[in-house]
Amino acid sequence: MTADKVIFLLCAALILGSALMVVLTRKLIHAALWLVSVLFGVAVLYALLQAGFLAVVQVVIYIGAIAVLFIFAVMLTRRELLDRGPQTRSNWWIAAILALLILGGLVFLILGQPEAGRSAAAIPATVDTLRNLGMALVSPSAYVLPFEVASVLLLAALVGAVYIAGIGKK
Amino acid sequence: MTNWIIWLLPLPPLLSFFLIILFTNKNRPLSHGIAVGAAGLSWLGSMIVFVRALGTEEFGKHVFGSAINWLPTGTSWLTVGVRIDPLSAAVVFFVAWTVLMIFIYSIGYHNFGQPAGDHDIKGLPPHGATVADDHGHKHSVPSIEPMYARFFAFISLFAFGMYTLVVSDNLLTLFVGWEIMGLCSYLLIGFWYGKKSARDAAVKAFMTTRVGDVFMLLGIAFLYSATGSLSYNVIFDPGVLQTLASRPAFLGLSAAGVIGLLLFIGTIGKSAQWPLHIWLPDAMEGPTPVSAMIHAATMVSAGVYMVIRMFPLLSLDAHTLTFVAFIGSFTALFAATIAVAQNDIKKVLAYSTISQLGFMIAALGTGAYVAAAFHLVTHAFFKALLFLGSGSVIHGMEHGVLHTGEHVDAQDMFNMGGLRRKMPITFWTFLIGGFALSGFPVLTAGFWSKDEIFAEAFGTGHLLVFIVLAIAAFLTAFYTMRQITLTFFGEPRTKAAEHASETPWTMTVPLIVLAVFAVGYGWVGMPGWFTGGLIPNWFHEFVGGTLSQPPETLPFLGVPVATSLFVALGGLLFGWLVYRKVESAEKDFLQIPLLKNKYYFDEVYAFLFVKPAYWISETFSSVFMDRKVIDGFLHSVARFSLFLGNAFRNYFDKPFINGLIGDGTGAAVKASGSGLRKIQAGRIQYYMVVSIAILVIFALLVYFLRA
Amino acid sequence: MSIPLSWYLILAAVLFCIGLYGVLARKNAIAILLGVELMLNAVNINLVAFWRYLDPAQMGGQVFAVIVLAVAAAEVAVGLALIISVYRRRKTLVADEIDLMKW
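These protein sequence lines map, in sequence, to chains A, B and C. Numbers 1 to 170, taken from my numbering, label the letters of the first sequence in order. Numbers 1001 to 1707, taken from my numbering, label the letters of the second sequence in order. Numbers 2001 to 2103, taken from my numbering, label the letters of the third sequence in order.
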């Protein structure tokens, strides 16, 4: 049992436990806060996977922006629904069965793969992953087009969000 | 070049009609500007053509004209074209002048420049407007015609019809122009359609002329089937005329005779000859410019023009000519006798017109081609003058009526008197027109044209015609003088007459211009014996050249000249002596019922034709034929169809088509739809659950089936 | 790095299924979006794990993780805007009640 395995298991416990709380807790504001916990665990995982940039981005954007956005949304809408009554639909058990079935199928498939048990080789010292990532994002021979499309999409989404949120405002 | 002008002659009034109707009808000055401008353009073109015709040597043999192929008729073409020969040049001359003058006159007649009426409505003559002067005194003045632009549009269309008729080189376009004028006559007689009398008069005029037109169309059709052409060039070819004359038709008449008779019946209708004369007096319901233009100068003249034009054809059969002479001379006398007993200033002129048209027809019947044409032209000028003069008198009287508030008939001559001092220009021009109509010796145009008719009738041995026309001419002079005396001389018999006033310059200028022609135009037709051969009878030479064999000039005959002098001067003197003293209608010895009621022709026609027509349409056609026979047949057809339809409906359509195919499909779709719509719940999570469940099921299936 | 790849994959699968359950079972529209976020994170874990375990020199995995992040941000922005707009009009956040567009 190496140290990274311990860290991984602790992280996994944090992620899964928090994720369960996200879907099970009655209070929506709590669910949003539990999501922050999940996202934080995922960020640790990224660090564990030596994707430091993504770990930082995860914290800054996911926790700093998206999760906060959720909390705002919850607060803006909480007057009506609040957390009265059941928070799950009446046929939640079908959802549970489906989720478990898919989980079973996925685990079955993963364990059935011969490569699934492999370990990761150390990253050679000559490879600068952060630099590579930056180059890949802006290199015309790599991913500049998806990157730019994603940024246009983001811009459009922001404009759209501002517009849509304004609809119906008195 | 000249031919182009001739083609374009009728166009300006047509354009004017459409412009006014479509665009400018709200703008009065623009509307009458367009109409008068168009008439002026046509006038200018006519004058150019006329002058060129004068400058052409032996014009009768070198006429202007061109034709185009219009309608293909099997192997040949129906051609239409224009033609100005001496006859139509003379006609287009007076048409251009009278039309232009009457257009200008209409501006004043319809009170242009006056305020809108207090309670004038469209379809009724203007009733006058109340205005206050600087001192606050209110008084009534004439008000502008409510449908001012409409009038100018109609008379423009009319002018188009007249020009078309005159410049045509064939009977087809002549007939087109003829019918356009008939329509305009209807529209303009019924111009004040708010009056029942005007509506009735319009319908009467239209229906009566229609009788003549149907016969005319038959004649045209016969002519076309006999010669294969309607063009004057073809049908007046000596060979073709010979064929027509030798071809027997029926009733012992030759084809030429039958065609001539049928065409002549068209003239009887259009030129209001007995027995179809009844519409013209009633047509006086229209505005006076209309009476002057349509019912005196141009349209009724067109009927005479047509028979003069067809003279080569008519003259082929002696029976036809005799018939023409009979109708003409009878009408001349008959209408003159009615005219002496009329009190309405316009009615007198209406019967006078019928009578004078009878003169022309009678002249033509005696073979006096040139005399008929000559009288046609002179009559157009002086009768237009007289009508416009009477309109001016009525206008002045209406002014008096409005001023005094006295309710008298502004058209009744017994309400007038003494107007010579109030309306001097109208008086002098009317006097000239009246003397021309009476045939006042030497000076006036009417004398020369009538004298020529007398001379021809006498010289060719038609003594009966001569005597009848002489009596008619005497009566003409008599009733003309009666009219002048009652209207202008003596003392005013009503307050309205005392306060009558002269009309504006737009009305008096045309009077003066026409008066010049009423005098001067006669001089172009002075016979050679009068001028001592210094000036040959120019009109005779000119118009006579139209015929392939120009008629001979008659030598001097003492009897007709003496007769002509006697009847004109005698009639005038007698009229003056009798009516100088008459003060009211009761003292007038001619107010006898037979004449007042126009020999009861209207009543007789109502009994003979109108009532039977109503009876046939109401009792026979409507009740028996239409409701019983035709409706019965139609009903049985309908019942059978209904039965058939019911059978199809109940035994085929309903069970099979509707039940099985229609409703069955519908029901199946509906059932499946209502079953499937439960899936479409609108709940997003429900969709996701279903889709993921299906995904899972398929994944399992694929996995296990592959294994 | 002695952790087997399968650990990451199974963790991601479990996280994905938890998110899926949240999406299918929760009534609140915001909670559904929370579930979607969980699923997206599961995907991202997979992407980064495959990058690390297969060929760290190829940056495809990380790049797509970044793009997923951007798309997630866009999705949340638009999604929440829609939810707030609907909430203003209908005074509800229950996804099943937002059914104006059904038949």
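No wet-lab data here; the hints were simulated from the structure. Computed from a prediction, not measured in an experiment: that's the story for all the values here. For every residue, glycine included, the Cβ atom is placed at its ideal position computed from N, Cα and C. Hints are supplied without guarantee of correctness; some may be wrong.
Just a few of them, taken from the derived set where beta-carbon distance is under 10 angstroms, the chain A residues facing chain B [to be verified]:
{"id": "1", "residue": "Pro86"}
{"id": "2", "residue": "Arg89"}
{"id": "3", "residue": "Asn91"}
{"id": "4", "residue": "Ile94"}
{"id": "5", "residue": "Ala95"}
{"id": "6", "residue": "Leu98"}
{"id": "7", "residue": "Leu101"}
{"id": "8", "residue": "Ile102"}
{"id": "9", "residue": "Gly105"}
{"id": "10", "residue": "Val107"}
Straight-line distance between alpha carbons at most 25 angstroms, and here's what the computed DSS-like set of lysine-lysine pairs gives [as the list claims (entries may be wrong)]:
{"id": "11", "chain 1": "B", "residue 1": "Lys1678", "chain 2": "C", "residue 2": "Lys2027"}
{"id": "12", "chain 1": "A", "residue 1": "Lys5", "chain 2": "C", "residue 2": "Lys2091"}
{"id": "13", "chain 1": "B", "residue 1": "Lys1195", "chain 2": "B", "residue 2": "Lys1654"}
{"id": "14", "chain 1": "B", "residue 1": "Lys1670", "chain 2": "B", "residue 2": "Lys1654"}
{"id": "15", "chain 1": "B", "residue 1": "Lys1195", "chain 2": "B", "residue 2": "Lys1678"}
{"id": "16", "chain 1": "A", "residue 1": "Lys27", "chain 2": "C", "residue 2": "Lys2091"}
{"id": "17", "chain 1": "B", "residue 1": "Lys1628", "chain 2": "B", "residue 2": "Lys1611"}
Facing chain C, a subset of chain B residues (Cβ under 8 angstroms, in silico) [stated by the list, open to error]:
{"id": "18", "residue": "Arg1247"}
{"id": "19", "residue": "Ile1684"}
{"id": "20", "residue": "Gln1685"}
{"id": "21", "residue": "Met1688"}
{"id": "22", "residue": "Val1690"}
A quick look at each hint next to the structure:
Below 10 angstroms, beta-carbon pairs count as interface contacts, and Pro86(A) has none with chain B, the closest being about 14 angstroms; its hint is therefore violated. Taking 10 angstroms as the C-beta cut-off, the interface hint given for Arg89(A) holds, the closest approach to chain B being about 6 angstroms. Residue-level restraint check for Asn91(A) holds (minimum Cβ-Cβ distance to chain B is 7 angstroms; threshold 10 angstroms). At a threshold of 10 angstroms, the smallest CB-CB gap from Ile94(A) to chain B is about 6 angstroms, leaving the interface hint in force.
Interface hint status for Ala95(A): upheld, as the beta-carbon distance to the closest one in chain B is roughly 6 angstroms, under 10 angstroms. Hint on Leu98(A) holds. Least Cβ distance to chain B is approximately 5 angstroms, under the 10 angstroms limit. Hint status for Leu101(A) relative to chain B: holds, with the closest Cβ pair at about 5 angstroms, below 10 angstroms. Annotation: interface hint on Ile102(A) holds; nearest CB of chain B at approximately 6 angstroms, less than 10 angstroms.
A hinted interface residue such as Gly105(A) counts as satisfied when its beta carbon comes closer than 10 angstroms to some beta carbon of chain B; here the least separation is about 6 angstroms, so the hint holds. Violation of the interface hint for Val107(A) is found here, the shortest Cβ-Cβ separation to chain B being roughly 14 angstroms, above the 10 angstroms cut-off. At most 25 angstroms may separate the alpha-carbon atoms for a hinted pair to count; Lys1678(B) and Lys2027(C) meet this at roughly 20 angstroms. Among the hinted pairs, Lys5(A) with Lys2091(C) is inconsistent with the structure: their alpha-carbon atoms are about 48 angstroms apart, more than 25 angstroms.
Simply put, Lys1195(B) and Lys1654(B) have alpha-carbon atoms about 59 angstroms apart, too far for the 25 angstroms limit, and the pair is violated. Restraint check for Lys1670(B) and Lys1654(B): satisfied, since their Cα atoms lie roughly 20 angstroms apart, inside the 25 angstroms limit. For the hint linking Lys1195(B) to Lys1678(B), the alpha-carbon distance of about 75 angstroms lies beyond 25 angstroms, and the restraint is violated. Between Lys27(A) and Lys2091(C) the CA atoms are separated by roughly 18 angstroms; this keeps the pair inside 25 angstroms, and the hint holds.
A threshold of 25 angstroms between alpha carbons decides the hint, and for Lys1628(B) with Lys1611(B) the separation of about 22 angstroms falls inside it, so the pair holds. At its closest, the beta carbon of Arg1247(B) sits 87 angstroms from a beta carbon of chain C; the interface hint therefore is violated under the 8 angstroms criterion. Taken as an interface hint, Ile1684(B) checks out: its beta carbon lies about 5 angstroms from the nearest beta carbon of chain C, inside 8 angstroms. For the restraint placing Gln1685(B) at the interface with chain C, the shortest Cβ-Cβ distance is roughly 6 angstroms, inside the 8 angstroms limit, so the hint holds.
Hint status for Met1688(B): holds, given a least beta-carbon distance of 6 angstroms to chain C, under 8 angstroms. Checking Val1690(B) against chain C: minimum C-beta separation of about 10 angstroms lies over 8 angstroms; hint violated.
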